[in-house]
Structures are given as structure tokens and as C-alpha cells.
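Colleague: These are the residues of each chain, in order.
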Amino acid sequence: MDQDVVSLTILGMAAVTLALKAVPLVALARRSLPPVVHDLLRHLPIAVLSAMTVQLVAVKDGAPFLAFDNIALIAAIPTVIVGVVSRNLFLTIAFGVGFLAAMRAFST
Amino acid sequence: MSDNSSVTGQRTTQPWYRDVITGTVVTVPVLLVYFAMGVTYGVLALERGFSDFNTVLMSALVYAGTAQLVGVEMMASAVPVSSVLITTLVINSRFFVMAASLTPNLENYSLGQRVFYGLQLTDATFALNTARFAAGRPSKIEIFTTAITGHLVWIGSTMAGVVIGRTVGNLNAYGVDFAMPAMFIALMTPLIRSRTQVVVAVAAGAATLVCFALGFAYWTILCATLVGVLVGFVRERWTKTLSA
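Residue numbers (this note's numbering), protein chains in the order written: chain A, 47 to 154; chain B, 74 to 317.
Isolated chain B, as found in the complex:
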């Protein structure tokens, strides 16, 4: 019998370091993309006049790629603080929905663990964890390994970006700017297993273009996501009614 079951919240006899290894292995592809993105953000923030300290501070505390890039651009063009905060609220509102969707999996997590988990929630860890929770009961150690390594790599790569920004400059010639879309594609495609899910992806993608064409800008991701979710929901109800 292992004495670590109370720590991991799981009935396994696996030693803790196995969960750390599993958590790291499933996260490695995301970590590589975080590294590329973190460097890109670091270079950009310096270019736009951020101090080294503020560049890294934002990665440590805000930890949300899109909002950080938009925030840097807005502050660089001296937009009022209130509109930076409102834009952050709008862009990051998707995390509210993601967190609500993950909550049922966190039954045996304490209050502190939930807050800590929330602090480190990102688009990528949301997709990774959703897949892991669906596949079984990953241990807390594994889940927090994903969360913590992601955050540390994000902060570390921002620091690297500060250094690279001073010495090398822009890395986009090497395809680095495509790392984030490639990661989202790579996270999404394995989840698609039914025709309804194809319809959801197409609907959300089309809605994104419509929202931008209509000038929704920062509301787009939330609106397009809701369209995709609703289309999937309605289509499923519809097919159920037909087959019943």
C-alpha cells in the first residue's frame, strides 16, 4: 500500500513522481508552443516600450496570451486604463465559461487548490485537461504538473524574449508566429469524433469571420464560441427527436 493516496486524492499505488512524469509528458508539445509564444510576447512588449520588469510581471500575473498582446498594444498607444481593463474582461470572458465547464471534475479539490488551479487556467490547459478528465481520473499531481510547468515556461520564455529582443530581434521568419494556431488545431482535431463536432467547429469558425466582418472585434471569441455551442446543442436535440 502506498501512503500518498491522501495527497493525490486517488486510489493508485503509483509513486508521486510517476504523476509528475505523466503530467509533464502530456504537456510537452504545449510547453514548446508556450515557449515560442512567450518569446514573441517578450520581444513585442520590449519593442512597445515596456520595461523588462513589467514585461515579465504581466506574464507572471495575467498569464493569458491574447489579452497580454492586446494589452501591450493598447498601453503603447496610451489608451485609458479603464478601457484596457474592460477589453481584458471581454477577451478573457471565455475563461469564465471554461472554468464553469471544468468545475464538475474538481469535486475533491480544496478551496485553495481551486483558486490555484484557476490562476493557471489557459486555453491549452483547458483543452488538455478536458481530454485527460474524459479519459479517466488523472491525479491532482498530474493536473498541477501541467498547470505549473505551463506557467513556469511562460514566465521563463518571456524572460528569454526580453533577452532575444535585445540581441536577435524578430523570430517570425522561422514560422514561430504559426505556433499558436498550429497548437489550437492540434488540440482541437483529436477531440472531433462525430459529425456534430465537425458542425460545431465549422459553425464557431464561420461565426468568428461574421463577427469580425460586423466589427465585434474583442467580443468575437465569446460570441463565436456561444454560436458553436448552441449549434452543437440544437443539432444534438434535433437528431435525438428524429431518432426517437
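Just chain A, with the same shape it has in the complex:
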């Protein structure tokens, strides 16, 4: 692998990413968003977090993976319950990681 090409590709990726992250912050600076846009964007955090979670736990090799031997998917269920009940960021993460590690330990 040519490391110089990798470096340049990384610079390109950084430029693309920074443009996506910073352009709205600068371009929309002096404009207030129309109420409709505001009503739409209100749902954004939950929608994006849910999509990212499902992609991480219920997709494997680019296809849905809904099965009992998908331990990440199984671990996600009690983790959601702990999150809903506790509403505590740290506790929920620690529970999820611990639960999955325990499942792996007992399944082998």
C-alpha cells in the first residue's frame, strides 16, 4: 500500500467531511429556519441514532441479520430497557458492554 496515496486520500476525506459539517453552520448563520424545517429537524436526533444503532446490531455484510445467533441484536434489547428505565448514559453503556461480554463468555 502506497502510504503517500493513503495520506492524500485522507486529506480528501477530511475536506469532504469538514465541508459537510461546517458549511450549514456558516451558511445558515444569519438566517432563522422556517418553522416547517424546525418541525422536521426536531425528530432528527432520534431518527439518526436509531438508524445507526440498527445498522450496527441488525446488519451483517450489508444485509439484515435478524436471528437468535446475532448476539449483538439480542444484547440490544435489554440495553434499550435499561436505557429507558435509567435514562443514564454511563449505566446503559456499561450494562450493554457487560451483557455482551457475559453472553460471549457463557456461549463458548
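Rather than coming from a laboratory, the hints here were simulated on the basis of the structure.
Ideal Cβ positions, reconstructed from N, Cα and C, are used throughout, including at glycine.
Some hints here could point you the wrong way.
To be verified - Each computed DMTMM-like pair below joins lysine to aspartate or glutamate, with the alpha-carbon atoms no more than 25 Å apart:
#1 Lys213(B) / Glu180(B)
#2 Lys106(A) / Glu120(B)
#3 Lys106(A) / Glu146(B)
Stated by the list, open to error - Label pairs and their computed distance ranges (CB to CB):
#4 Gln49(A) / Val283(B): 36 to 44 Å
#5 Met149(A) / Thr240(B): 20 to 28 Å
#6 Asn116(A) / Leu184(B): 41 to 49 Å
#7 Ala65(A) / Val98(B): 42 to 50 Å
#8 Phe114(A) / Trp311(B): 32 to 40 Å
#9 Asn116(A) / Arg121(B): 19 to 27 Å
To be verified - Which residues of chain B face chain A? A partial, calculated answer using Cβ under 8 Å:
#10 Trp89
#11 Thr97
#12 Leu130
#13 Met131
#14 Val135
#15 Val154
#16 Leu158
#17 Ser174
#18 Gly185
#19 Val188
#20 Ile258
#21 Gln270
#22 Val273
#23 Ala297
#24 Thr298
Fit chain B to the supplied structure of chain A, relying on the hints for placement.
Modeller: Frame of chain A, contents of chain B only:
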């Protein structure tokens, strides 16, 4: 009277270090996950033939977990640079929408502060900051503490990953690979307070599976997010019409 109000952009008399502490405390759970993820990424990039320098360079400049992992895999299989860049654009397009949604909260931020803030925007800081902005007016110092500690931990953990990759190897047996989904669940669940929000989460999740089943791959997150947002919007309009 405190003389730091012009710096923090806030009418508090809190000394600056209190905001640094608040910013750090609210970010700690995310920092732990970043650490786990950064190590995972570092180990993977080395495995795929990245030099130490390029592994860390990517974390410092790109700073977007999913795009970094996909980028490493693509470069390792010698895909043309143009398609790596287009894929990055598609995967990270969600940040464009997130930034647009955060903009109204940044009224009193200067141009430089906005660009700096944008540089350090991630899924997790977006969720954290949205919650903080909704709860009141967090000071700039607090917001930038979250941003900077997150980025530093990401870079530092990548360096740790480079070292661990050489000595220990894969950490997945310890549940480290579940840290990222667990973090997204932990960030999402406290935000859900109404039936509409449950519907949004389910719709976006279901749309993710449909998109993958249809073979959308890298477009999935953007498409599924838009489906969730639209479903929430329509449902709210619908209930308003019914009750009016």
C-alpha cells in the same frame, strides 16, 4: 461581578473552570466509548496495512468513526480514490443535516468558532449538545470542552490502538465492539418522551433494514433518517388536525 462573561457569552458569574468541569462530566460516558472505538479503529487500520502515521492522521483530520472504518477497508482493497471520496460524502451526509439543525443554537458564535465547532461535530456530540441546548443555555466553554475532549480522546485512543494492535491484538472478546451501539442506545433512550418519538425510532430502524435489504448500503443512514424525520413530522401534523 465576573469579568469572564464576554468570553463565555453567558450572563453567569461562574468561573470558567466550572464550565470545563461540567463539559467534561457530561461527556465522560461518550469519552469511554470513543476510547474503545478509537482503539478498535487503530488496531484495524494497522491490520489493513496503514502506517502508524496515516492511522493517526485519519483520526485527527477526518474524525468520523463509520467513515474511517469504511475508508480503511476500501483503501485496503485498492478501490479508486474517487470512490473512497464519494462514499465518504454519502456516509457523512448526515452531518450536513445535523449541522443545519444545530445552527439556531449558535447565534452568538463567531465565524471561526462555528468552523471549529463543525470540525469536531460527531453523532455523539450532536446528541449530547442537542440535549444540553434544549435544557438551557450551556456556555461556549462547556460546549467546546465536550468538542475538544472528544477529539483528543479519539486521537489518543487511536495511538493506543496502534500500540495495542502490535502487542495484544483484538479486544472484541471483552464486548468492546458493542460499545458503539450501546452508546447510541444510551444517547437515544433519554430523548424519547412521547409516542411520536417512539414511532420515529421504530420507523428509522425499520427503514434501515429495508434500505439494506434493497441494497442501498452507504445511502442507508441518510435515507432511513429522512424516513424517520418525515414519519414523525406527518404523525404530529396528523394528531394536530385530529385534535383541532
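Colleague: If any of the earlier hints don't hold here, list their numbers in rising order.
Modeller: 7, 10, 11 and 18
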